[in-house]
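J.: Residues per chain are reported as follows:
Number of protein chains: 2
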Amino acid sequence: MKFTLQHKDPSSHARAGVIETGHGKIETPIFMPVGTAGTVKAVHQRELKDDIKAQIILGNTYHLYLRPGIDVLEQAGGLHKFNGWDKPILTDSGGYQVFSLANQRKITEEGAIFKSHIDGSKHLFSPERVMDIERTIGADIMMAFDECTPYPCEEKYAWKSMHMTHRWLDRCIERFDNTPDKYGYRQTLFPIVQGSVYPELRKQSAEYIASKNREGNAIGGLSVGEPAEMMYEMTEMVCGILPADKPRYLMGVGTPVNILECIALGIDMFDCVMPTRNARHGLIFTRNGIINIKNEKWKNDFSPLDEESSCFADQQYSKAYLRHLVHCEEILAAQIASIHNLHFYLWLVGEARKRIIDGTFASWKNEMVQKLGQRL
Amino acid sequence: MKFTLQHKDPSSHARAGVIETGHGKIETPIFMPVGTAGTVKAVHQRELKDDIKAQIILGNTYHLYLRPGIDVLEQAGGLHKFNGWDKPILTDSGGYQVFSLANQRKITEEGAIFKSHIDGSKHLFSPERVMDIERTIGADIMMAFDECTPYPCEEKYAWKSMHMTHRWLDRCIERFDNTPDKYGYRQTLFPIVQGSVYPELRKQSAEYIASKNREGNAIGGLSVGEPAEMMYEMTEMVCGILPADKPRYLMGVGTPVNILECIALGIDMFDCVMPTRNARHGLIFTRNGIINIKNEKWKNDFSPLDEESSCFADQQYSKAYLRHLVHCEEILAAQIASIHNLHFYLWLVGEARKRIIDGTFASWKNEMVQKLGQRL
Numbered sequence: 001m002k003f004t005l006q007h008k009d010p011s012s013h014a015r016a017g018v019i020e021t022g023h024g025k026i027e028t029p030i031f032m033p034v035g036t037a038g039t040v041k042a043v044h045q046r047e048l049k050d051d052i053k054a055q056i057i058l059g060n061t062y063h064l065y066l067r068p069g070i071d072v073l074e075q076a077g078g079l080h081k082f083n084g085w086d087k088p089i090l091t092d093s094g095g096y097q098v099f100s101l102a103n104q105r106k107i108t109e110e111g112a113i114f115k116s117h118i119d120g121s122k123h124l125f126s127p128e129r130v131m132d133i134e135r136t137i138g139a140d141i142m143m144a145f146d147e148c149t150p151y152p153c154e155e156k157y158a159w160k161s162m163h164m165t166h167r168w169l170d171r172c173i174e175r176f177d178n179t180p181d182k183y184g185y186r187q188t189l190f191p192i193v194q195g196s197v198y199p200e201l202r203k204q205s206a207e208y209i210a211s212k213n214r215e216g217n218a219i220g221g222l223s224v225g226e227p228a229e230m231m232y233e234m235t236e237m238v239c240g241i242l243p244a245d246k247p248r249y250l251m252g253v254g255t256p257v258n259i260l261e262c263i264a265l266g267i268d269m270f271d272c273v274m275p276t277r278n279a280r281h282g283l284i285f286t287r288n289g290i291i292n293i294k295n296e297k298w299k300n301d302f303s304p305l306d307e308e309s310s311c312f313a314d315q316q317y318s319k320a321y322l323r324h325l326v327h328c329e330e331i332l333a334a335q336i337a338s339i340h341n342l343h344f345y346l347w348l349v350g351e352a353r354k355r356i357i358d359g360t361f362a363s364w365k366n367e368m369v370q371k372l373g374q375r376l
Numbered sequence: 001m002k003f004t005l006q007h008k009d010p011s012s013h014a015r016a017g018v019i020e021t022g023h024g025k026i027e028t029p030i031f032m033p034v035g036t037a038g039t040v041k042a043v044h045q046r047e048l049k050d051d052i053k054a055q056i057i058l059g060n061t062y063h064l065y066l067r068p069g070i071d072v073l074e075q076a077g078g079l080h081k082f083n084g085w086d087k088p089i090l091t092d093s094g095g096y097q098v099f100s101l102a103n104q105r106k107i108t109e110e111g112a113i114f115k116s117h118i119d120g121s122k123h124l125f126s127p128e129r130v131m132d133i134e135r136t137i138g139a140d141i142m143m144a145f146d147e148c149t150p151y152p153c154e155e156k157y158a159w160k161s162m163h164m165t166h167r168w169l170d171r172c173i174e175r176f177d178n179t180p181d182k183y184g185y186r187q188t189l190f191p192i193v194q195g196s197v198y199p200e201l202r203k204q205s206a207e208y209i210a211s212k213n214r215e216g217n218a219i220g221g222l223s224v225g226e227p228a229e230m231m232y233e234m235t236e237m238v239c240g241i242l243p244a245d246k247p248r249y250l251m252g253v254g255t256p257v258n259i260l261e262c263i264a265l266g267i268d269m270f271d272c273v274m275p276t277r278n279a280r281h282g283l284i285f286t287r288n289g290i291i292n293i294k295n296e297k298w299k300n301d302f303s304p305l306d307e308e309s310s311c312f313a314d315q316q317y318s319k320a321y322l323r324h325l326v327h328c329e330e331i332l333a334a335q336i337a338s339i340h341n342l343h344f345y346l347w348l349v350g351e352a353r354k355r356i357i358d359g360t361f362a363s364w365k366n367e368m369v370q371k372l373g374q375r376l
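In the order they appear, the protein sequences are chains R and F.
The numbering used here applies: residue 1 is where the first sequence begins, and numbers increase by one.
The numbering used here applies: residue 1 is where the second sequence begins, and numbers increase by one.
Watch out, some of these pointers could steer you wrong.
For chains that are exact copies, the list does not tell them apart, and a pair is met inside one copy or across any two.
In silico DSBU-like links for lysine-lysine, alpha-carbon gap of 35 Å or less [what the hints assert, rightly or not]:
id: 1; residue 1: 49; residue 2: 106
id: 2; residue 1: 115; residue 2: 294
id: 3; residue 1: 297; residue 2: 2
id: 4; residue 1: 246; residue 2: 49
id: 5; residue 1: 299; residue 2: 87
id: 6; residue 1: 299; residue 2: 115
id: 7; residue 1: 212; residue 2: 106
id: 8; residue 1: 297; residue 2: 246
id: 9; residue 1: 122; residue 2: 299
id: 10; residue 1: 294; residue 2: 53
id: 11; residue 1: 115; residue 2: 297
id: 12; residue 1: 160; residue 2: 354
id: 13; residue 1: 25; residue 2: 203
id: 14; residue 1: 160; residue 2: 53
id: 15; residue 1: 297; residue 2: 81
id: 16; residue 1: 49; residue 2: 2
id: 17; residue 1: 182; residue 2: 299
id: 18; residue 1: 49; residue 2: 81
id: 19; residue 1: 297; residue 2: 8
id: 20; residue 1: 53; residue 2: 299
id: 21; residue 1: 297; residue 2: 122
id: 22; residue 1: 87; residue 2: 49
id: 23; residue 1: 41; residue 2: 297
id: 24; residue 1: 115; residue 2: 371
id: 25; residue 1: 354; residue 2: 156
id: 26; residue 1: 8; residue 2: 122
id: 27; residue 1: 81; residue 2: 294
id: 28; residue 1: 8; residue 2: 294
id: 29; residue 1: 41; residue 2: 87
id: 30; residue 1: 299; residue 2: 25
No lab work stands behind these hints, which were simulated from the structure alone.
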């Protein structure tokens, strides 16, 4: 993997760059649609590529490990072959799901024992096992196995957990560096900064992660319920420590406003279920604010879903039609809204990139954050 | 509306023709995907047009009347404008739903009073009201308001019901002929033959319907649980009475085998929820038989969903991937399977048409029906 920093915004820490992987280039800042079980919900792969212009998608290690299972993915020749997505894929480490989804789990120094949310069967995720699984999924970018602490979290627990995450990271690196790329293209490992909302812990963790000198670095344990200001504070501090010549990935963030604010702080990569999950509830993000399409006010609004968008779904379908589909709980509602929201998120980061390159990012960002959070 | 009979199969009653409507041509025999609430479930309009090659879709009057409501459809300028489908639309009359779906209904000579399945509100569908509603939906082809008898059905009830359907038809015609086309393009009215499974009633009804000399005719009250042989017997008899120079539409039919058999009997138009509904349960129709994609045997089958199909969904996605998506209850499963099944149904009727034109229909049909019903 190669990262080239192309432009720096003069008025903020925003950067534009390009990541080169075995499955093509990623222009940063970038938003990565979440494809939990090897599918971005309600969206065809060709729509992701041609309409949404996604450059990289996520897969969730926990879900893919349980279904279809690592044996199936190995026989398929990896997730790219299995789901027909030939651009880059990043996998999380399963840490977040093990801690949030599993109905029972136990964390020890060795790893996490959890019960499947599907059939209750017991599984062990250790740093070594997770590296093997992510290798087999065939991720271009593999995330280290970490503990994602909740919010709020006692400082003592956050300290203890952070140190265990660091020891797990060393084991991940050891395993990763001693196993070959699985399918003939380069795979890379990103470590994750933890430390909850404690500046001193975040500083320690960022320094530790930076010292490992991997090809990219991530910030985890944020966007878990803490106030946005706290998230920005931690992100700013950590960005100041993580090396500038490596991409920085802020995990699980966020709203359109969060994304612009964190681009300004020096983040290059984002992922979040928000555009697709909210789509399934009829929430539509636009450059002028947020539409709850279920509302009565859209009942007779036959204007295109988004006049300012070039996406087929925004031009072909009206607000009134989408409202009708949402009320009828039609599958097409989820399809249209998901394409719209993802297209909007990709437009947003693409526009941010353009503004960084032409030097107008900071003023544009300040203007946009006034509008993006409004309820229309 | 204009129907031109182009070819007749020498060895059966199969025909190839073309229907011209205000929204373009329909080549027959044709299958019409069902778009109950103004959407063919899980399928984008552009996929219907470009990938599935649908030439006409159905809307359900009962559903559209309740949601979004006739006022919304009128303000939109009709269903074509509302949902963005610019090819022909046929609407049923709501009769079938009033009798099968509504949790309570009462039939009188005046019409049917029913309670909405959504909010329990009371509504009257009379022949006149239904004509007005279908005009407002903007259907190119409007179905007469009829009573669809169940199976089994006492002969006495079938006799009484058929005569009421005939009187309702007269009222439909009276209303239809005295109201203008709603949106500037031609609308037409198809009457419906009833009579349950009683040859004498079917004969009487077909003669009555034929005597009305409308631009097309339909056969209702079949595919409601009777044995296939009984359905074929009724269809054959009725096709012998209905005029040859008008399209014949067999409502609610059916499996791929049913469709080929009924094309051989002289049917030109079909609709059925089977390809989309079964798709949502993981049943895949192919020219070699039926696949239950949930089965273990497809777990590691990474071959394309349908090697013999030119459709993007069949080529891009594998059997193993679709099986995985169905097991995970992913929306994309319904999307892929629905596109596949509809594409297959449209391929089937298109191929039948080619065979009718080149004179090989009968032998091809006999070969196909051996395979189409097999479980793979």
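J.: Hints numbered earlier in the text: which of these fail when held up against the supplied structure?
T.: 1, 3, 8, 12, 14, 19, 24, 25, 26 and 28
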